[in-house]
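Protein chains: 2
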Amino acid sequence: MVTIRDVAKEAGVSVATVSRVLNSTGYVKEDTRVRVMNTIQKLNYSPNEVARSLYTRESRLIGLLLPDITNPFFPQLARGIEDEVHSHGFRLILGNSDEQLEKELTYLQTFTQNHVVGMITATTSLAQKLYEGLTFPVVFLDRSSDQYPSVYADGFEGGKLAAEEIIKRGSKRITLIKGPVNVKPAQERFQGSLSVLSQSDADFYVLNTNSLAFDDAQKWAKEIFQKYPETDGIIASNDIVAAAVLHEAFRLEKSVPDDLQVIGFDDIPQSRFSFPALSTIRQPAYEMGKQAACLLMKCIKKEPLIQKQVQLPVTFIERNTTRKVEEHG
Amino acid sequence: MVTIRDVAKEAGVSVATVSRVLNSTGYVKEDTRVRVMNTIQKLNYSPNEVARSLYTRESRLIGLLLPDITNPFFPQLARGIEDEVHSHGFRLILGNSDEQLEKELTYLQTFTQNHVVGMITATTSLAQKLYEGLTFPVVFLDRSSDQYPSVYADGFEGGKLAAEEIIKRGSKRITLIKGPVNVKPAQERFQGSLSVLSQSDADFYVLNTNSLAFDDAQKWAKEIFQKYPETDGIIASNDIVAAAVLHEAFRLEKSVPDDLQVIGFDDIPQSRFSFPALSTIRQPAYEMGKQAACLLMKCIKKEPLIQKQVQLPVTFIERNTTRKVEEHG
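Listed in order, the protein sequences are those of chains V and P. Each residue of the first sequence is one higher than the last, beginning at 504 in my numbering. Each residue of the second sequence is one higher than the last, beginning at 504 in my numbering.
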């Protein structure tokens, strides 16, 4: 097999130079770079790991099933997974389920057909029963499971935290946005908030919604201020819904956080740039992805799992859509 | 092979009911749903297309190489691609290159090794020469190419449009943020803006940057107001950078759009929720993804390409970070 040394020799440069060209690091003269590239092509050189597995018949593919990559929470998960599996020489087949059974079944078939060595699913798993028949390990991500290794954030605790923080900061007429019934983590955080609100002396209003998507969020936002105009605190089902709420609040010239506090959920990268910057409950998305990939790697390598369920902590990120505790504590 | 009719017969329900269960559409009684699901599992039924290709040896995989899925522009592209290829029974292997040659080479090998039937690349293609040796068709996305079929937005025109609109609305001391030198579409839009600014009577300042990522954007934003405090109009290299600029402008208590106008590029879904809502140059990301997938499907099916280069138009989306033309026109 062609090695990096063969390339260096043929191109008349050092191994370090070939490495610099491959990694786009350090300075390499343009004509040297072109010569190295041409040599790589001529010798059909492919770097390390992957080249080796060309000679084995082992697949290095891992299936990843997400609800919808256009929700900004999921690219973070996906990057955490990819960075981890990439370092072990594995690659991802990506599928979006849109929480539909047929798409989920189709991807299960695709993964099987392509001999994936394992799978990570962050979807609602309407076909959970079908997973029993799979011949490769499965890790659940952003979903808890008694049966399968799983990595998830403590949604119930996150929901509690959101309600506690908004009450502590003086909201008395709180709106709790209930996410879609079929999205389990959204329901867990809803239940967490509900448990705190129902034991508090705050009035509260629950708004039913059936989506966490951009295009619907503006509709919910308008609905809240029509149905409960005197609300002074809103716990949103995720940061996207919170962003839409903030936007509508400004349109109505409400003063945030003085007259209205807003708390999101997820801490997607955009939230720190909203104005005011969004206070939210942070799920460590990238870390969750990484941990799920670590669990799956262990399953694939048949190493013992010390911990089958990994629950990561959530944290309250205090920014400017909530008041300071001193003012109201 | 097991068909949907076999499932219906075995479960004692109509084909329409099985279909409703599969598609999660319409009402199905819970015990019926469970019975259908159990039957699907028992008979090991898999819907249509994919099941058939289990019996052929043809791969139904398409490689997709992106710079970084956590930049919110790319999930839109990816969804456009996936929705199109999914409807033809194809699936995606996803790779992020981080614009690094080694990662790009690794994914080219992965795609080859997994017998993909085609590939879409939205990365800078540092290994463009190596693409010549591939045995499957390649479509370039968000990058123009003389050699390969490609789909891209008119970046030069977009850059011109941004400069024209900000000048038309009264900015006189304009900051132009120059995106990374190695990202071709960023350079095209930079050149477009530059061509208009250099022929205008506005003063302008060019800020060099080497990234389009979240974590760097706040740094550029601070830098602008330190280096050119009197600037009254900023053309950002993308919406993420624009969001960071807006955030910093508010921190400095600048009035947008009265004292400072800001124009982004991309129109990512979050931009309409910023406050003020971001005026920007829209690239039709989802549509670009779909069109690239359509081109690739034609290549795979060996149909003639009527048009090898598809350039999609960009549009100015007027929101609230720019002034109205009447006020200054």
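Don't take each hint at face value.
Each pair may be met inside one copy or between any two copies, as identical chains are not told apart.
What the hints assert, rightly or not - Straight-line distance between alpha carbons at most 35 Å, and here's what the computed DSBU-like set of lysine-lysine pairs gives: (1) LYS532 - LYS675; (2) LYS671 - LYS801; (3) LYS687 - LYS512; (4) LYS545 - LYS827; (5) LYS532 - LYS730.
By construction, these hints were calculated from the structure, which means they are not laboratory data.
These are the hints, each one checked on the structure:
With identical chains, the CA atoms of LYS532 and LYS675 are never at most 35 Å apart, being 66 Å at best within one copy and 41 Å at best between copies. Taking the shortest Cα distances, LYS671 and LYS801 never come within 35 Å of each other, neither inside one copy (43 Å) nor across copies (60 Å). Taking identical chains as interchangeable, the C-alpha atoms of LYS687 and LYS512 lie at most 35 Å apart only when they sit on different chains, with a minimum of 33 Å there against 57 Å within one chain. Within a single copy, LYS545 and LYS827 get their C-alpha atoms no closer than 64 Å, and across copies no closer than 58 Å, so neither meets the 35 Å cut-off.
In this assembly of identical chains, the alpha carbons of LYS532 and LYS730 lie at most 35 Å apart only when taken from different copies (33 Å versus 66 Å within one copy).
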